[in-house]
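Novice: On the provided structure of chain E, position chain B as indicated by the hints.
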Amino acid sequence: MIFSLLKLILTIPFVLVLPGVLFQLAIFGWKNGKISFFEKAVLAVPFSLILVDLIILLLNKLNILLKGPVLVGAILIFCFACFAVFQFRFGKKKSKKEEESENDGIFDFSTWQAVFILLALVLAVFIRTAYLSDTIIPSATDLGHHMYWAQMIINTGHLPGYGVPDFIIGEHMVFAAVNLISGVGLMTAMPALLLLLFNIAGIFTIAILLGRVFGSNKIVAISFFVAGSLYAINPPQGRYVSGGVVGNIIGDMLIPVALYFLYRALAEKDRIFAGLFFFFFVGLLYTHHLSAFVLIFSIAAILLLYLLLNIKNAVRIIGDWLKIFLKPFPLAILFGGAVFLLFIFTPSYFNAAAVSQATGEPIKATRVGLSLSQIENSVGSAQMVLGALGFLLALLALKTKELRYSVVLGWFLILFAMAWKPGWLYVNIPSDRIGNYFFLPLVLLSSYALVRYFELFASATSRFFSTVFLFTLLFFVITNGLSDSAEVFKAKDQFQSAMETFHSAAYLAATVDTNKDIILKDHVNIYGDSWYKLFFMKDYKYPLSRAVLMRYVDPTKSRETCTRDMISNPESDAGKACFADTGVNYVAVNAQIEGNSFEKYPDFSKVYGSDYISIFKKN
Amino acid sequence: MSSKIIIIATIVLLLASFSVLFVIETRNHNYDYNKVWSVVYFENPRDNSLDFAIENHEGTNASYGYKIYINDNKVIDEKVDINAGAKQKISPVIPSEKLSGNKILINVNYKGTDYKIYKSL
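From first to last, the protein sequence lines are chains E and B. Sequential numbering from 0 applies to the first sequence in numbering that gives the first Met the number 0. Sequential numbering from 0 applies to the second sequence in numbering that gives the first Met the number 0.
None of these hints come from the bench; they were simulated from the model. Source: prediction; values computed, not measured. If a hint is listed, it holds; no wrong ones were tucked in.
With a straight-line cut-off of 25 Å between C-alpha atoms, the simulated PhoX-like cross-links for lysine-lysine are:
no.	chain 1	residue 1	chain 2	residue 2
1	B	K66	E	K617
2	B	K115	E	K599
3	E	K30	B	K3
4	E	K617	B	K88
Isolated chain E, as found in the complex (with noise of 0.2 Å):
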């Protein structure tokens, strides 16, 4: 245990920090006025993770067998390049360059905001750390769908063709990667591991985003607290890091980063970050789709409302930044970006059925928007409040020429409409995904508003009122938005069951032969069903499995309802012409439930009975 901790422990920063940190080395040098260490810290594990990717994507072309000791040979060949380039770039004018000082400014915080910021990531740690404990055991449905992937990564030594939209490829190379280089294995704590590192680096993503944007050590100070420890358990942070909804949780670390250097690339009209910019653009494509949507949704938002407010000069503002992205070094990330998309791995949703499955009039209750009571519980009535308060106070300051306004409030605006009414957007997603999102925007604003209340508060004339507002204020945020990690303590860790469940998988997997027979399992009833397809490793749909029952009605087409039937209703004529057509011949159930009512059919053996598992034979 020991030793597979440590191999795990010295992986981690060798895929996902380490390339990153070479990699800034060779663009912005060993001190940059433009850039503080605080950020190049923060921004080595996104720029590793999507480096470690295009590296993995480039082997697979070149038909290389993706295995451990080829991808720390890749990595470090790909870190020595970068240090090259540093050298050559940086290393005569090493001495000139380390007399500048590194520009700490808004980064280079007080006593007390360290302190504060200190606090708040040991609460944000503990309080994810604790909930996780309960479920680190890997057992969630989204996981292990995304497990089955990276383990065909892992056994083929290639990247998978999902055939599906539903996948895509940069939510499994980083585990294979992982596993590859320590040997941890997929169902152990590191899936969970990477996704909480991601999760708290996201954290750190959005600070940078907002001290870039409002320029004050003070909000990104705040933000820690927003961000980290209010609603710290609730989608899309603690449950889905234990829910393994892999692609939110990059998605919620690389948008920041995105708009960071978008933010940047236009304020300071600086070319590098505007390449960075489509970096990690298209990083955020290889990485998820919905992520991507969203970022092209903000983006669009942001600069549409900063030319609706300067429409006199958005010609010259368009010309502007036209100048700075057709650059040579904007261009060539475009273009290279652009080559690995069409030539080295097209990512499986880039197709016009997957992009017009995700626009156009929605049709369906799940996409038709949320209401604002449905908003307000996605993201927390403290955060809705904040944030609200935030956007008042954004508008009232408004100043039209500083594009950090219409960073704020355009991103607010667009997720906000997205996922209130996305008729209005041609959005046709489920309208739950897009609410997720909502609390990036929502975590710059909170942010915002808590310091210009203080502000505020500071320079009242009335300091009774003002002092009564602000106690009820925090006592309000504090309370509702700590509330969540309340369940931390309440909850019951379901080990026992998921390791039934695994046993009853072994058990099949040893005794079946896959060539002949086929099993259906209980998605309803089984808890960690999903990790059944890793004991067969045959097909991503092997097992058979009987879904949520809602799934089986859809309004839009028509669904196959035999995996349902065949366990609702075996003996019905339904059920008997499904079990002939698909040839199942094992049935797994939790077996306090559909497991008493297998007993009673006559054309089933039982032969395997847990207190938590049945599995029947077809006779």
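Specialist: Quick look at chain B alone, frame taken from chain E:
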């Protein structure tokens, strides 16, 4: 300087969190640690063999009673002691002429809980 302290403290916090969670997962990723359950299964579900196994994950050494029925007639009534965390394979001896065309039920009992498996031959 403060930013360096924050980064270092975050690394330390994450190291501590990762270590705690990894140890919790490794310990609990076990059929026996803090668990109380038993399981009975046919060694080979694909043929007519009646060889079966009982696994004891009750957290203590346990004495299991098992009865074998052909249709509703009890033909074997035995007990077996199994150590905590161990597995006991049992190969019942029943004349083959008694088996064909019948439902064979194996009922394993531990502290009042029945674990049934059966085959129709």
